[in-house]
Amino acid sequence: MAERDGWRENLVGDDPGLTRVLRESATIAVLGAKAAPGEPAYYVPAYLAAHGYRIFPVNPTIAGRELLGASVVPTLADLEGPVDTIEVFRRPEYLVGHAREILALAWRPRVVWFQLGIRNDVSAELLARAGIRVVQDRCMMPEHRRLLGRVRGPLGDAHGR
16 MAERDGWREN LVGDDPGLTR VLRESATIAV LGAKAAPGEP AYYVPAYLAA
66 HGYRIFPVNP TIAGRELLGA SVVPTLADLE GPVDTIEVFR RPEYLVGHAR
116 EILALAWRPR VVWFQLGIRN DVSAELLARA GIRVVQDRCM MPEHRRLLGR
166 VRGPLGDAHG R
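Here this note's numbering is used: the first residue of the sequence shown is 16, the next is one more, and so on.
Computed beta-carbon distance windows for the label pairs:
#, residue 1, residue 2, range
1, G21, A51, 36 to 44 Å
2, A51, G146, 29 to 37 Å
3, S86, V137, 30 to 38 Å
4, S86, G21, 37 to 45 Å
5, G21, E81, 37 to 45 Å
6, L162, R80, 30 to 38 Å
7, E24, G79, 38 to 46 Å
8, D93, G146, 19 to 27 Å
9, E140, S86, 29 to 37 Å
10, R80, G32, 31 to 39 Å
These are calculated hints, taken from the structure and not from any lab test.
The beta carbon of each residue, even a glycine, is placed where N, CA and C say it ideally should be.
Put together the whole structure using the sequences plus the hints.
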């Protein structure tokens, strides 16, 4: 892994950086996707899919099922091709392993986004030093609504209810 000068610039937390990520991400792999509509790992990607993002669910426990218009794959390495962003719905203790999994892929995402309540500074640094932008402890759905226009629809309020 090549270390880059200024790797901290890849840690995204300001509004211009978040807006850039949301605008540049057309394809999103959802690591830890869930099939239950009441779970954030379902309704957040469903919201994003309803707003034009292509979603690729990743979860070994539901691999092979259809979810949000795509077949669920067991691991990131099983995706058919690269994605712009990897959205992570996994506990912080698993993130170093997932960072290593991401860095071992034949391709690199532009962004890894750890959902609200999910933070691991060691993982973030590993990814940022490899040139990947990292967002921690933020939910893509309300950030999308806040920065790119609040939209109400079948998915309800800012919390998907």
